[in-house]
Amino acid sequence: MQHLLTTNELKVEEIYQILQDAQRFADGMTWRPNGKLFSANLFYENSTRTKCSFEIAERKLGLHVIPFEVQTSSVQKGETLYDTVKTLEAIGVHTIVIRHSQDRYFDDLVGKVNVPIINGGDGCGHHPTQSLLDLLTIYQEFGRFKGLKIAIIGDIRHSRVARSNADALTRLGAEVMFSGPEEWFDSHSLHSSRFLPIDYAIPQADVVMLLRVQHERHQKKGSFTASEYHQKFGLTIEREKKMKPGSIIMHPAPVNRNVEIADSLVECSRSRIFKQMKNGVFVRMAVLKRSLESLNGGYINENAYSERQLHSI
Amino acid sequence: MQHLLTTNELKVEEIYQILQDAQRFADGMTWRPNGKLFSANLFYENSTRTKCSFEIAERKLGLHVIPFEVQTSSVQKGETLYDTVKTLEAIGVHTIVIRHSQDRYFDDLVGKVNVPIINGGDGCGHHPTQSLLDLLTIYQEFGRFKGLKIAIIGDIRHSRVARSNADALTRLGAEVMFSGPEEWFDSHSLHSSRFLPIDYAIPQADVVMLLRVQHERHQKKGSFTASEYHQKFGLTIEREKKMKPGSIIMHPAPVNRNVEIADSLVECSRSRIFKQMKNGVFVRMAVLKRSLESLNGGYINENAYSERQLHSI
Amino acid sequence: MQHLLTTNELKVEEIYQILQDAQRFADGMTWRPNGKLFSANLFYENSTRTKCSFEIAERKLGLHVIPFEVQTSSVQKGETLYDTVKTLEAIGVHTIVIRHSQDRYFDDLVGKVNVPIINGGDGCGHHPTQSLLDLLTIYQEFGRFKGLKIAIIGDIRHSRVARSNADALTRLGAEVMFSGPEEWFDSHSLHSSRFLPIDYAIPQADVVMLLRVQHERHQKKGSFTASEYHQKFGLTIEREKKMKPGSIIMHPAPVNRNVEIADSLVECSRSRIFKQMKNGVFVRMAVLKRSLESLNGGYINENAYSERQLHSI
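Chains as they are written, first to last, in UniProt numbering: chain A, 1 to 313; chain B, 1 to 313; chain C, 1 to 313.
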């Protein structure tokens, strides 16, 4: 049973395996499980990118997606996540994607359910498919991780991505720097020695990875206006000019334009923001394939790979 | 035009026909209508199990399911159920599943619409596919209904299941006993002579069928705390020990753990709660097949049955 | 890149081309793009007819529809329509249908996005597929537009349909008359000379096209009760009797029964209200085909047309 819960639990070789499969999907590989398989996407938090991206990935693999809307489900009658997942398992769902506001919601499920869980984001914790799509985007650009300098800038404490990426990138040989408001930096869980003022970080970074200001996760209003944040911690037009040749801009989106990044830079030549979204579909296909291959039931056979298609595109 | 509105209207032989088809689906039969057929699931009340179960059943039959969310439909502009159904009929939907809070909502539709209606639950009235999946689960267990003693325990007045099951089980030859809070028992519509204290009912029952406490249907707070209800009317660990050898536990779910049933009994060896959910898909496939076969339009032919698959699984 | 934004921008020959394709779909033509294509329906306003109709049209063309619910999307995090569309484009959606409360929302998109936009209704502005299905319904009835008299009656100021239809019908050679409450008539954008009292308009009209009283778009309560409106501006049973032989009744629905039209007339022999809905699917198939054919990517080939099916039905 291959769940995908956090990137921390993935060994380096597993990460490379997923990225390799994702790149094969990007290159046109088709892969289909045998038989009629069902998936469900349980999004307890709002999402466009992640949910739609999983929906497309699932359909590209030939899965049938069972609609599930929290607002109209028995969750409204008090049903727990565990009972909801057991229900979907009982009626024949083969893989479940979950986004939930509770950190490590999956601890209540692992070992007790017989359906692979793919974490689509838990609280302020993890977002492994976002991390993996970030890694794919970086690898496509540079062909390596070793020696790269990655500046992660912004709302680090509330970011699922910051943690997951920092851990994975470090293990893959990259050097991670953090920047942004110091009060939003969590020195307990991250190495404070890596914290740098933004104007030191940006000129030496191969990747400037901006984080979304998550208004919806801040208990109280921050001490910044949008414009102050942009001037102090955002990628302004001036700061972009100081970026290294060949360096790139990333952001998990949705972007707050003119807050984390100047409006005109979102689609500039350095930006890989939409490339990241594109890669998200391929990474999710790879992750779903990995979970489906772990199922017992003869769903997978050698013929599932269509090499013809792989080579022809 | 074969609607499925209540179990009361089904003759005994029709019930057996549906159960037989459901069992054939459980055994791996595939059946497909010809052409591209469309279904819609109109759930005016929250649901996970019933809705998702119909969604899977529909897709297993090769139907295309048109998403319909009451919250974002023209129902919000005051459109009636009748006009909504007529609209779906006009645009080419071939079968419609409806759950609605109004008792016998279908009286406004039958005879006026040209699309089969499958009742997914009406108010406190009926829930025929739930009854049928309960019957299938009992039949799988005992191979008969005649002579079985079924204890239906709990919130009988508000339960769609209690009424439907009591009627069908009695006609099929089983003996039905009721138990639970007397103030929740409706002596007008049910035989009061069958009402028994829980500790008399449980030891003689072949099937202990617990009903959900439907907090959302009680106008005012009941006179019980969860813990009081559990002690007085729930299947406690102690009561389970007094059950007959070979007897089983059923519940339509979602379960209020430690209210109707002790948490640890939900997945115990006597429990058929998840088996019921599994059977729900097969019963719904059988019911949809029945309705689709009643359509005029050449959708059905002999080849639609794949006997090969039927025998090979 | 063939968007469909307004009927005004469609040349007469383009209108005929769409109507011709729609009629071919009505006659049983099948047409499928090559490969696995994805669509998304972004409905920022409530809808049953238009949304479900597009859903069916898309599936009839073999498209995979990615569910998108505004309420659970990143729109809730403040994401703009532009960024939402760019996201869907990035993850591989091939055509997007949008309904939005803002007039001409599409002006922010056209020229900047690489995915065809099909307007499913903008504010009080346009609703081109509704117009086209109205035109198809009229053409099916009379085999021509030239010389027909069309009375458009009701809430003309707030009606997306009134404007679009008046323009298109006039260009196609029909004569358009307006009627209804004068305070709801917008003389700036429409020719006031065409405004007629209802009892002058109805007896000479070939088509009596009623508009929905859009309670949800009126800032303040109108000066009419439902019953007053019906008597003054509705199609009462008495007024129907004065209609010309062979003339028909149309309404975009949802109908307010006994307001715009007497309840018993909704399904009378003159009424084409449900026929309009049926035609909506075919018109949307034609419009989607037109947009998909404009994509570069080799999705379309000659074999996509199945002439066999076209002739056999």
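Warning: the hint list may mix true and false statements.
Heads up, the list lumps identical chains together, so a pair's fine if it works in one copy or across two of them.
What the hints assert, rightly or not - Once the Cα atoms are required to be at most 27 Å apart in a straight line, the calculated BS3-like pairs of lysine-lysine come out as:
no., residue 1, residue 2
1, 244, 77
2, 36, 146
3, 146, 112
4, 244, 11
5, 232, 278
6, 77, 278
7, 36, 149
8, 77, 149
9, 112, 275
10, 275, 77
11, 244, 278
12, 36, 11
Calculated from the structure, these hints are not laboratory results.
Hint check:
With identical chains, the CA atoms of residue 244 and residue 77 are never at most 27 Å apart, being 54 Å at best within one copy and 32 Å at best between copies. Taking CA atoms no more than 27 Å apart as the test, residue 36 paired with residue 146 passes in neither setting, with 42 Å inside one copy and 37 Å between copies. Taking identical chains as interchangeable, the C-alpha atoms of residue 146 and residue 112 are never at most 27 Å apart, the minima being 38 Å within one chain and 37 Å between chains. Taking the shortest Cα distances, residue 244 and residue 11 never come within 27 Å of each other, neither inside one copy (31 Å) nor across copies (51 Å).
Within a single copy, residue 232 and residue 278 get their C-alpha atoms no closer than 30 Å, and across copies no closer than 57 Å, so neither meets the 27 Å cut-off. Taking CA atoms no more than 27 Å apart as the test, residue 77 paired with residue 278 passes between copies only; the shortest distance there is 21 Å, against 37 Å inside one copy. Taking CA atoms no more than 27 Å apart as the test, residue 36 paired with residue 149 passes in neither setting, with 44 Å inside one copy and 39 Å between copies. Neither within a single protomer nor between protomers do residue 77 and residue 149 lie at most 27 Å apart by alpha-carbon distance, with minima of 49 Å and 30 Å respectively.
In this assembly of identical chains, residue 112 and residue 275 lie within 27 Å of each other by CA distance solely across copies; the values are 17 Å between and 37 Å within a copy. Taking CA atoms no more than 27 Å apart as the test, residue 275 paired with residue 77 passes between copies only; the shortest distance there is 21 Å, against 40 Å inside one copy. For the identical chains of this complex, residue 244 and residue 278 are intra-copy neighbours only, at 25 Å inside a copy versus 58 Å across copies, given an alpha-carbon limit of 27 Å. Taking the shortest Cα distances, residue 36 and residue 11 never come within 27 Å of each other, neither inside one copy (31 Å) nor across copies (34 Å).
Checked against the numbered hints given earlier, the structure breaks hints 1, 2, 3, 4, 5, 7, 8 and 12 and satisfies all the rest.
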